[in-house]
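In order, the protein sequences belong to chains A and B. Per my numbering, the very first residue in the first sequence carries number 1; after that it's consecutive. Per my numbering, the very first residue in the second sequence carries number 1; after that it's consecutive.
You may find that some hints are simply not true.
What the hints assert, rightly or not - Residues of chain A clear of chain B, computed beta-carbon distances all greater than 12 Å:
1. 124
2. 128
3. 162
Stated by the list, open to error - Distance windows between CB atoms, simulated:
4. B/120 with A/27: 17 to 23 Å
5. B/68 with A/30: 19 to 25 Å
6. A/151 with B/46: 34 to 40 Å
Don't read these hints as lab results, they were simulated from the structure. Even for Gly, the Cβ is constructed at its ideal location relative to N, Cα and C.
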Amino acid sequence: MSDVADEPVDLARVAADDVLLSAVARGAATPGDDDVTAMLLAWRADLDEGADDVSRNATLVGAALADGTARRPRRRIGLAAAVVAAAALATGVLVGSDHAGPGDPLWPVTRVVHPQRSEVRAAEHAISQAQVATAGGDQERARRLLDQARQHIARIEDPAVADRLTVDVTTLLQTLTDPLHLPPIAVPGLTGQPTAGPTGAPPPPGTGKSSAPSTKPSPGGATPTGPPPGGGLLPLPLPTELPPLPTLLPDLPLPPVLPG
Amino acid sequence: MTSAIPPELVSRAVRRDPAATAALLTALRPGLVRYCRARLGPVSGAYATADDVAQEVCLAVLRALPGYRDQGLPFTAFAYRIAANKVADAQRAAVRAATATPPDALPDQADGTPGPEQQALSADLARRLSALLARLPETQRDIVVLRVAAGLSADEVAAIVGMTAAAVRVAQSRALARLRTLAGESLPEVAA
Numbered sequence: 001m002s003d004v005a006d007e008p009v010d011l012a013r014v015a016a017d018d019v020l021l022s023a024v025a026r027g028a029a030t031p032g033d034d035d036v037t038a039m040l041l042a043w044r045a046d047l048d049e050g051a052d053d054v055s056r057n058a059t060l061v062g063a064a065l066a067d068g069t070a071r072r073p074r075r076r077i078g079l080a081a082a083v084v085a086a087a088a089l090a091t092g093v094l095v096g097s098d099h100a101g102p103g104d105p106l107w108p109v110t111r112v113v114h115p116q117r118s119e120v121r122a123a124e125h126a127i128s129q130a131q132v133a134t135a136g137g138d139q140e141r142a143r144r145l146l147d148q149a150r151q152h153i154a155r156i157e158d159p160a161v162a163d164r165l166t167v168d169v170t171t172l173l174q175t176l177t178d179p180l181h182l183p184p185i186a187v188p189g190l191t192g193q194p195t196a197g198p199t200g201a202p203p204p205p206g207t208g209k210s211s212a213p214s215t216k217p218s219p220g221g222a223t224p225t226g227p228p229p230g231g232g233l234l235p236l237p238l239p240t241e242l243p244p245l246p247t248l249l250p251d252l253p254l255p256p257v258l259p260g
Numbered sequence: 001m002t003s004a005i006p007p008e009l010v011s012r013a014v015r016r017d018p019a020a021t022a023a024l025l026t027a028l029r030p031g032l033v034r035y036c037r038a039r040l041g042p043v044s045g046a047y048a049t050a051d052d053v054a055q056e057v058c059l060a061v062l063r064a065l066p067g068y069r070d071q072g073l074p075f076t077a078f079a080y081r082i083a084a085n086k087v088a089d090a091q092r093a094a095v096r097a098a099t100a101t102p103p104d105a106l107p108d109q110a111d112g113t114p115g116p117e118q119q120a121l122s123a124d125l126a127r128r129l130s131a132l133l134a135r136l137p138e139t140q141r142d143i144v145v146l147r148v149a150a151g152l153s154a155d156e157v158a159a160i161v162g163m164t165a166a167a168v169r170v171a172q173s174r175a176l177a178r179l180r181t182l183a184g185e186s187l188p189e190v191a192a
């Protein structure tokens, strides 16, 4: 048997072997003619046999959550959330946590396990809450929420997503500072008067809002620094009915045009 | 290959966040189980012993978490060093216990129970690979086990074995070449 250590390094082979081993580890390699690949795949698959032991995983999760030293977690996720997390994790599957949004019991788990997704979701949630606040005339709350949204956006790594959300925030801010500012697009029902809603159904004068529950007699809002009530606000509907906002950048990166 | 464990998850677990700790263990455990199974092999056709060791590793990681400090290495370097120590302990214990009976040179043979042909073929291939792995130099064998069984990246393996990622890729390539050579040389097993 030749001493392989003396052979020169074939970089192409090293790269190919690296790809092969990663593929075998995922169970994604095709054996082809290579006996060794077939054997590696079988060996790797054998290591999975009966390995998904729910009870052992549950024991560990229980140990993690019941650890006496975990007295006061910095993030007070609450006992209920911890129990739900334990039940979900004990099955080896994070049930529903990747869909959880702020306010769902599994949100604390989502924040930890899917940090990027949760930043996007948190930003979107803050923006939609800001829209509700704006529609309700609560400018202060809207600005706070938009600040929160910007903090979440700052942590988003995907530039396309971050840009899209930033445009939403910027447009809302423009609405707050200049309530008469309207997006430069033609929307049915929009006549330029602030009381005409984008949905085409102008709210009755004196209410000035479409969705936010409020018992204030003053229809336009509460902040003294805000625009005149009743007529000054653009009554923004809930996000699903929002008119398309002008985008400065395309939502998705354009595919590169490859030569030849 | 398993995706790398996010450092933020680790830091929250170190700070005793229960959900983060549970999530971290859930992410680590499958690779650790496969690693212990690969290193220790089956006993009497089952992986109960290896799985017990893997459970000990997980509990040891859990206990050691509060004292963990990020020193720029992947968290798996920490976990798999604990695993290597536990495996070594188990191997020493097995050697001590095996004084009366001759140690198996090869991993267990499957029971004579007939199974589907595909299953028998696959078990046969797995056994053959185990036998070939045992003939590799220790470092090459460790690297193959960490890359393929545990599913770690070349960078993570490098942190565990104390080499550069490039050196790991060269070593694993040489391991594959040697496995192919050995496979070509070994006599085919006689079908039972």
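Status of the hints after comparison with the structure:
1. 124: holds, 20 Å
2. 128: Non-interface label on residue 128 of chain A holds, nearest chain B Cβ at 25 Å vs cutoff 12 Å.
3. 162: holds, 18 Å
4. B/120 with A/27: 17 to 23 Å: For residue 120 of chain B and residue 27 of chain A the Cβ distance comes to about 20 Å; the hint holds.
5. B/68 with A/30: 19 to 25 Å: For residue 30 of chain A against residue 68 of chain B, whose Cβ atoms are near 39 Å apart, the range 19 to 25 Å is violated.
6. A/151 with B/46: 34 to 40 Å: At 52 Å between Cβs, range violated.
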